[in-house]
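**Q** Using the hints, position chain B against chain A.
Residues per chain, in single letters:
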Amino acid sequence: MIDTLLTFETPEGIDLNFEVAGPLVRILAYMIDIVIQGVIIIILSIITQYLDKLGVGLWLLCAFLLQWFFPVYFEVFHNGETPGKKAMKIRVVNDDGTPINYSASVIRNLLRAVDFLPGSYAIGLVSMVISPGFKRLGDIAAGTVVIYSHRKTDRPRIPSDRSRNSPFPLKFEEQQTVLGFAERSTLLSGERRVELAEILSPITGQKGEQAIEEIHQIANGLRGNR
Amino acid sequence: MKQMIFENRFSREWQEFEDLVNSLETSAKSKGKIDSKMQATFVKRYRRLCHYLSLAKERGYSQFLTDYLNELVIRGHAQLYHHKPTGLSKIAQFFLHDFPSRVRGEMKFVIMAGLLFFLPVFLACGIIHLYPDSIYLVFDPGDVTNFEAMYENSSSIRAGRNADDNFSMFGFYIFNNIGIGFRCFAGGILFGLGSVFFLVYNGIIIGSVAGHMIDPKFASTFYSFIIGHGAFELTAIVLSGAAGLKLGASLLSPGRLRRIDALKHSARVSIRLVYGVIAMLVIAAFIEAFWSSSSTLSLVSKFAVGGGFWILVMVYFMGLGRADGSQQY
Chain A
721 MIDTLLTFET PEGIDLNFEV AGPLVRILAY MIDIVIQGVI IIILSIITQY LDKLGVGLWL
781 LCAFLLQWFF PVYFEVFHNG ETPGKKAMKI RVVNDDGTPI NYSASVIRNL LRAVDFLPGS
841 YAIGLVSMVI SPGFKRLGDI AAGTVVIYSH RKTDRPRIPS DRSRNSPFPL KFEEQQTVLG
901 FAERSTLLSG ERRVELAEIL SPITGQKGEQ AIEEIHQIAN GLRGNR
Chain B
91 MKQMIFENRF SREWQEFEDL VNSLETSAKS KGKIDSKMQA TFVKRYRRLC HYLSLAKERG
151 YSQFLTDYLN ELVIRGHAQL YHHKPTGLSK IAQFFLHDFP SRVRGEMKFV IMAGLLFFLP
211 VFLACGIIHL YPDSIYLVFD PGDVTNFEAM YENSSSIRAG RNADDNFSMF GFYIFNNIGI
271 GFRCFAGGIL FGLGSVFFLV YNGIIIGSVA GHMIDPKFAS TFYSFIIGHG AFELTAIVLS
331 GAAGLKLGAS LLSPGRLRRI DALKHSARVS IRLVYGVIAM LVIAAFIEAF WSSSSTLSLV
391 SKFAVGGGFW ILVMVYFMGL GRADGSQQY
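Chains as they are written, first to last, in this note's numbering: chain A, 721 to 946; chain B, 91 to 419.
Simulated from the structure, these hints should not be mistaken for lab results. Be aware that a few hints might be false.
Listing some non-contacts, in silico: residues in chain A with all C-beta distances to chain B over 10 angstroms [claimed, not checked]:
no., residue
1, Tyr770
2, Tyr793
3, Leu830
Using 27 angstroms as the maximum straight-line C-alpha spacing, the simulated DSSO-like pairs for lysine-lysine come out as follows [what the hints assert, rightly or not]:
no., chain 1, residue 1, chain 2, residue 2
4, B, Lys392, A, Lys773
5, A, Lys891, B, Lys147
6, B, Lys147, B, Lys92
7, B, Lys134, B, Lys92
8, B, Lys134, B, Lys147
9, A, Lys809, B, Lys147
10, B, Lys307, B, Lys392
11, A, Lys891, B, Lys92
The beta-carbon is built from N, C-alpha and C at its ideal position, and this holds for glycine as well.
One chain only, chain A, in its complex shape (with noise of 0.2 angstroms):
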């Protein structure tokens, strides 16, 4: 299956997979953390207006903990999640699956200086471009990679009451498409369903919506539904 799947193995042995986040949703992300810290300089401004000198020495300190520790707060205290991964709904892990810690953090943070150059992140958007895990400079020394964060998995049901056993034993990863197909029917169009279905037509010599409960028949047999 065609995948953006990072693998990695765990001390128990088994593998694990992460849906790695490419350079898109990230730089949407980063646009909503811009416009939050833009949103926060403004109101400080503001405030520190009226206390002259020493507002501009609070400000000059706000603005330099925001630049370059805003992001280090929210990946550490909230799960790897600034305010903009959140709505995009990506996050930060470590490369080997841990909650991200309080060096990693400050590490790709910091190299963000020189991913922005020579501006515009134009580095940094090379190197999540080439490297196998969308990382950034800062990612890559650091250990981190920012990944898709776990969302609400339902398990579909697959909308045919009937069973039936395949015509033929199949393989196996010809029962992973025909339940993959049953499973993810009702997010298809209807066209779409139909054209897909008709790839089998010569063997269940049905056409159309028939065709369709045929597939579903069979997934309904693999999975054992009664």
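**A** Quick look at chain B alone, frame taken from chain A:
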């Protein structure tokens, strides 16, 4: 075993595990809320879940079931292998022991960074002193008048800044200097070239200003001003450059590791240097903002204290953290 039977038989157990992980994730700080018996069974449950996941993959059950179990295992994995946050005593240990011995351990990078920084400083200082007009190679005339105005003997600096000004300058120094330190470090990932550039560039700037200020009109004000925090700030810039050079070196000569692994390893080590750099620059900003411009102290005492700070810094990095006999440095 058909998938439906598999799901029917074990879905209660998966649901229990999901509830357990939910409660661990949300009440991470107050683990007392979780039934301690349930918590004790966590590891066993997690291992069984790993087993179910590999069964599901092996038997070719549907992708949705595998994804669901995969998600649960990921969340369990995150809970089980969570890194513990650093306690306060570790911070004390860092500053009293780890930081100085780490600096000694990276001495060849520190020396390299020191040369890359101080040679331009002295060169620029000397050249500008001998050929005063060459200051305009480095700065615009406008900038030159600006900093001349700051340090002129009759200027407000002599009269001392008031508290508000001090605080705003504190903010400025934090914003500016720590940013420079970070860039010196970060530039190291470009095979060390970024760090080299920032060290030399800042060295030229600082040396040029210093050279221009040797002029008797400004000398006593300027030098008494900078001597206080110079020990901390200049050392910190050199150290952040050293950290960056270490990053670059790991990419250029990774030894027996892959370049990426060498980079990760050296990043983890050199970031500790950067923590110390941050602390030193904060101290420097403090001194520079609240103390250096004070007019109540005599020049002699300012120079004495400044010199004292240099000695303090030297002793700190050379002497501390040697108590542990097992250390090589």
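**Q** All hints are to be evaluated individually against the structure, with a verdict given for each.
**A** Checked hints:
no. : hint                : verdict
1   : Tyr770              : holds (13 angstroms)
2   : Tyr793              : holds (13 angstroms)
3   : Leu830              : violated (5 angstroms)
4   : B:Lys392 - A:Lys773 : holds (25 angstroms)
5   : A:Lys891 - B:Lys147 : holds (15 angstroms)
6   : B:Lys147 - B:Lys92  : holds (13 angstroms)
7   : B:Lys134 - B:Lys92  : holds (25 angstroms)
8   : B:Lys134 - B:Lys147 : holds (20 angstroms)
9   : A:Lys809 - B:Lys147 : holds (26 angstroms)
10  : B:Lys307 - B:Lys392 : holds (18 angstroms)
11  : A:Lys891 - B:Lys92  : holds (15 angstroms)
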